[in-house]
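K.L.:
Chains as they are written, first to last, in my numbering: chain Y, 1 to 264; chain F, 265 to 525; chain P, 526 to 873.
One or more of the hints may lead you astray.
What the hints assert, rightly or not - Straight-line distance between alpha carbons at most 25 Å, and here's what the computed SDA-like set of lysine to any residue pairs gives: (1) Y:K126 <-> F:I287; (2) Y:K215 <-> F:V484; (3) Y:K215 <-> F:T469; (4) Y:K126 <-> F:L273; (5) P:K695 <-> P:L838; (6) Y:K215 <-> F:T487; (7) Y:K215 <-> F:Y486; (8) Y:K126 <-> F:R268; (9) Y:K215 <-> F:L273; (10) P:K695 <-> P:G653; (11) Y:K215 <-> F:P430; (12) Y:K126 <-> F:V286; (13) Y:K215 <-> F:V286; (14) Y:K126 <-> F:V484; (15) Y:K126 <-> F:P300; (16) Y:K126 <-> Y:L69; (17) Y:K215 <-> Y:L39; (18) Y:K126 <-> F:G353; (19) Y:K126 <-> F:L280; (20) Y:K126 <-> F:I295; (21) Y:K126 <-> F:F277; (22) Y:K126 <-> F:L365; (23) P:K705 <-> P:L854; (24) Y:K215 <-> F:V483; (25) Y:K126 <-> F:T469; (26) Y:K215 <-> F:L365.
Unchecked claim - So these bits of chain Y aren't anywhere near chain P, every CB distance computed over 10 Å: (27) A19; (28) S33; (29) Y52; (30) L69; (31) D158; (32) T160; (33) R163; (34) S167; (35) N230; (36) T245.
None of these hints come from the bench; they were simulated from the model.
None of these values were measured; they are calculated from a predicted model.
Note that CB positions come from ideal geometry on N, CA and C, so glycine has one too.
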Amino acid sequence: MILLLPAVGVMVLLAVALAALLQFSVLEFIPGSLRTGGLTTRNLDAVLTPLYLRYIWDTVLLSALTTVLTLVASYPVAYALARSRSARVRSLLLVLTLAPFFTGAIVRTYAWMLVLGNTFIRWPVKLLFEPAGVLIGLVHFSMPTMILILAAAISHVDRTYERAAASLGARPRRVFWRVTLPLSMPGVASGSLVVFAWTFSAFPTPELLGGGRVKMIANVVKDLALDAFNWPGSAAFAAVALAVTFLLLAVVTRALVRTGGAAA
Amino acid sequence: MIGRVIVGLLVGFMTLPTIVVVIASFNPTAILAFPPAGLSLRWYENALTYPQFRRAAVNSVIVTGASALLALPIGTAAALALVRHPLRGRGLWSAVFLSPLIIPGVAIGLGFLILAARFGLLANHAVLISAHTVLVLPFVIRSVAVSAANLDPQLERAAASLGARPGRVFRRVTLPLLRPGLFAALLFAVIVSVNEFVVSLFVSTRVTEILPVAMFTYVVNYTDPTMAALSTLFIGATFVAVFLTDRFLGLSGILHIEDHR
Amino acid sequence: MTAKTVVALEGVEKAYGSVRALAGIDLGVIEGELLALLGPSGCGKTTTLNVIAGFAAPDRGRVLIDGADVTTRPAWQRGLGIVFQSYALFPHMTVAENVAFGLRERGVAPAEIAASVTEALALVRLPGVATLRPAQLSGGMQQRVALARALVIRPRVLLLDEPLAALDRKLRESMRAELKEIQRVVGITTIFVTHDQHEALGLADRIAVMNAGRIEQLGPPREVYERPATRFVADFIGASTLLEAHALDARTVEIGGGLRVDVRLPRPLVAGERVRLLIRPERVELGEGAGMLAARVSGVMYLGDHTEVQVELSSGVRLLATVRAAPPLGPGDPIGVRLPADAFLEIA
């Protein structure tokens with residue numbers, strides 16, 4: 001297994017970095033210094049104060065809403081991408097879907113700042129620097145990923161099942177609800193989990209579209225680490241995000257192992 | 265019919281920001297107006313001459329180039345090992361190697377920042393390069409693994425039976441057949457690294473920072489459309505890359521959206 | 526009493542891009558019969574089935590069911606029962622839910638559905654599997670469930686796409702008999718697609734032999750085998766040897782190298798005309814003695830219940846013969862060949 005060794009080495013590096021993070025989360029913060037004191041639970045206690053718990057609650061709420069809205073908005077596009085009869089339409093959808101996926105977080109978030117905060121589109125309600133604006137940005141950010149995962153799942157639903165349902169008298173809408181949708185559920189499940197986990201640690205979208213008024217866990221981590229230089233406090237928050245992510249990852253992995261990893 | 269309208273609206277939602285950015289980039293005034301009062305390339309000039317962007321662009325080339333060069337062979341070897349040799353707990357191994365995709369960027373960033381501080385490497389490209397290698401590796405492994413799984417091992421046996429020694433088999437049969445996967449891996453590695461932001465924000469300084477970090481700093485501090493111009497250049501480059509990939513490699517295949525009739 | 530036509534295809538044409546899948550199909554399927562669409566892959570038999578089922582729209586021509594034009598009627602309104610080659614049992618439903626699918630779509634009352642499902646599973650001799658998932662069943666059992674699911678909606682016509690292809694050989698033979706029995710009991714008009722001549726000969730009341738998007742011959746198995754209408758049909762069904770001959774008089778032909786043979790064809794020949802004659806290997810007699818043509822063995826293939834012998838006549842013409850026993854023959858051995866006058870078929 002020599003071939004695997006270099007990659008294992010890279011993963012060990014990551015593991016060491018995460019271990020250092022966990023270690024810092026239980027070390028004492030000395031204000032005005034990057035040095036740390038002895039062992040303490042104060043950082044983790046701080047996470048559980050009402051002020052910070054609110055950020056965690058906001059993060060959970062925004063992540064859940066983002067997941068649901070992304071799912072609903074992505075399924076029709078994914079379906080069209082997987083099942084359109086015209087190769088040209090499929091190609092066009094794929095490029096339009098993938099381009100934002102490849103454009104990077106900063107460019108996309110900046111673009112939404114322009115859309116939501118410009119002077120020539122009159123939005124009925126204020127969106128920029130409000131939770132609604134952050135939500136829009138998060139959904140937009142998650143859609144390409146969700147679409148790709150769903151489209152892969154839908155395209156793997158054998159059309160013979162749909163034909164069989166039709167031959168048994170099911171009209172197209174019924175075929176969709178009784179056959180296509182249930183058979184694409186592995187994609188719905190893994191897409192939702194991936195989007196939830198990503199949104200849970202989203203940073204640039206709430207940072208720029210929230211304008212300091214809407215904060216998620218990652219924004220607090222950054223504030224503490226890069227502005228207050230409170231690395232231990234920051235590490236405690238990052239550890240919370242890490243724990244939630246690993247919990248989700250464990251669920252996904254178990255689900256994938258059970259279904260034979262077909263939707264991975 | 266209703267379905268088409270819905271899909272059209274959703275795709276419109278997805279492309280709306282891009283369109284607005286492109287329009288804004290040609291706006292002659294610092295305050296955005298629609299319809300624009302004219303066409304101007306001054307923000308492009310601004311973007312291309314702004315010293316911090318230039319420095320960040322050089323850093324981006326260094327970091328992306330180095331991490332792609334590292335991740336490609338490392339990931340290819342790992343992908344071959346995973347596909348070819350039925351390890352125990354293969355699902356677990358895959359999960360481990362794909363984990364950087366899902367571990368919060370702020371956790372990875374802060375972890376690498378703490379490590380860098382401990383080893384006195386804070387203003388060093390090496391930290392950025394190793395962090396990017398970690399982040400890019402899952403994409404390389406995924407892409408190559410798909411190609412490797414489609415590679416019929418009988419072809420290698422055939423080459424061996426015809427007298428090719430193992431090194432020759434790899435060079436003349438294995439590697440050429442993996443080419444689509446390798447190309448996709450390189451493409452993903454470059455795109456992911458060039459756009460990486462969160463981790464880079466934590467482990468870079470003003471001297472080592474890459475373009476997305478410099479762009480973030482600019483957005484926070486200035487509101488003129490210079491960023492729109494730079495974004496438009498980014499979007500243009502991305503479209504070309506995606507289009508060329510689709511044309512020559514077929515994105516559907518890379519992304520497993522095949523048409524099963 | 527005239528037989529009623531249930532399914533009719535009139536001048537059906539279908540192209541996929543530049544490939545002509547169907548080049549004008551006319552076909553009438555009679556009430557209660559079991560009709561086989563037989564041909565090699567790519568001959569258009571599956572496309573024909575798809576056109577009847579409503580999965581593919583013909584470019585030209587009409588599809589009629591009980592005299593009504595259904596060409597533009599979608600699949601879900603055609604009321605046909607289909608057994609797919611892969612069975613297409615819904616993996617997310619139990620066996621009972623699979624069988625009940627079509628009844629639920631028709632809004633049948635739950636109690637009635639339960640009774641019909643039980644009855645259908647009994648018909649295909651699969652009691653006690655109702656709560657299992659398709660993946661828990663063997664291939665043969667899945668096939669029966671698929672059949673039950675198609676029959677329970679009391680379809681006007683049953684369509685089977687390569688129904689036995691996915692089964693191993695032993696199972697295929699027992700399922701063949703069972704399929705015929707079920708079809709006879711239910712009395713349903715059935716169309717099935719196959720590339721296997723034994724399946725078609727053994728199961729079908731009539732066979733439509735297809736090639737290159739056309740029906741080459743339509744008739745009962747014996748007729749198709751014993752009086753093939755075209756060279757393709759002769760080649761595709763059973764082995765045969767084709768002889769280019771020219772007539773010496775009404776009942777004698779020369780088959781090359783001056784060899785003369787008597788033939789008895791449905792029509793008298795005209796001296797000097799060229800004819801293409803076909804002879805089945807089981808009609809070629811091998812042996813020794815007077816009146817036999819001199820030949821040499823050029824190949825022997827032992828096949829268990831019979832042996833194929835390739836012989837070469839003194840004129841160089843090669844013939845295939847089958848014999849029941851395993852004769853002690855080897856390549857190069859001299860042998861006598863007799864070609865009975867009534868063994869020849871004339872091919873257009």
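K.L.:
Run every hint past the structure and note whether it holds.
P.N.:
Comparing the hints with the structure gives:
no., hint, result
1, Y:K126 <-> F:I287, "22 Å, holds"
2, Y:K215 <-> F:V484, "16 Å, holds"
3, Y:K215 <-> F:T469, "24 Å, holds"
4, Y:K126 <-> F:L273, "22 Å, holds"
5, P:K695 <-> P:L838, "39 Å, violated"
6, Y:K215 <-> F:T487, "21 Å, holds"
7, Y:K215 <-> F:Y486, "21 Å, holds"
8, Y:K126 <-> F:R268, "30 Å, violated"
9, Y:K215 <-> F:L273, "29 Å, violated"
10, P:K695 <-> P:G653, "24 Å, holds"
11, Y:K215 <-> F:P430, "56 Å, violated"
12, Y:K126 <-> F:V286, "23 Å, holds"
13, Y:K215 <-> F:V286, "29 Å, violated"
14, Y:K126 <-> F:V484, "20 Å, holds"
15, Y:K126 <-> F:P300, "23 Å, holds"
16, Y:K126 <-> Y:L69, "20 Å, holds"
17, Y:K215 <-> Y:L39, "28 Å, violated"
18, Y:K126 <-> F:G353, "51 Å, violated"
19, Y:K126 <-> F:L280, "18 Å, holds"
20, Y:K126 <-> F:I295, "19 Å, holds"
21, Y:K126 <-> F:F277, "18 Å, holds"
22, Y:K126 <-> F:L365, "34 Å, violated"
23, P:K705 <-> P:L854, "40 Å, violated"
24, Y:K215 <-> F:V483, "18 Å, holds"
25, Y:K126 <-> F:T469, "35 Å, violated"
26, Y:K215 <-> F:L365, "22 Å, holds"
27, A19, "42 Å, holds"
28, S33, "59 Å, holds"
29, Y52, "43 Å, holds"
30, L69, "26 Å, holds"
31, D158, "7 Å, violated"
32, T160, "4 Å, violated"
33, R163, "6 Å, violated"
34, S167, "4 Å, violated"
35, N230, "51 Å, holds"
36, T245, "30 Å, holds"
Taken one by one, the earlier hints fail for this structure at numbers 5, 8, 9, 11, 13, 17, 18, 22, 23, 25, 31, 32, 33 and 34, listed in ascending order.
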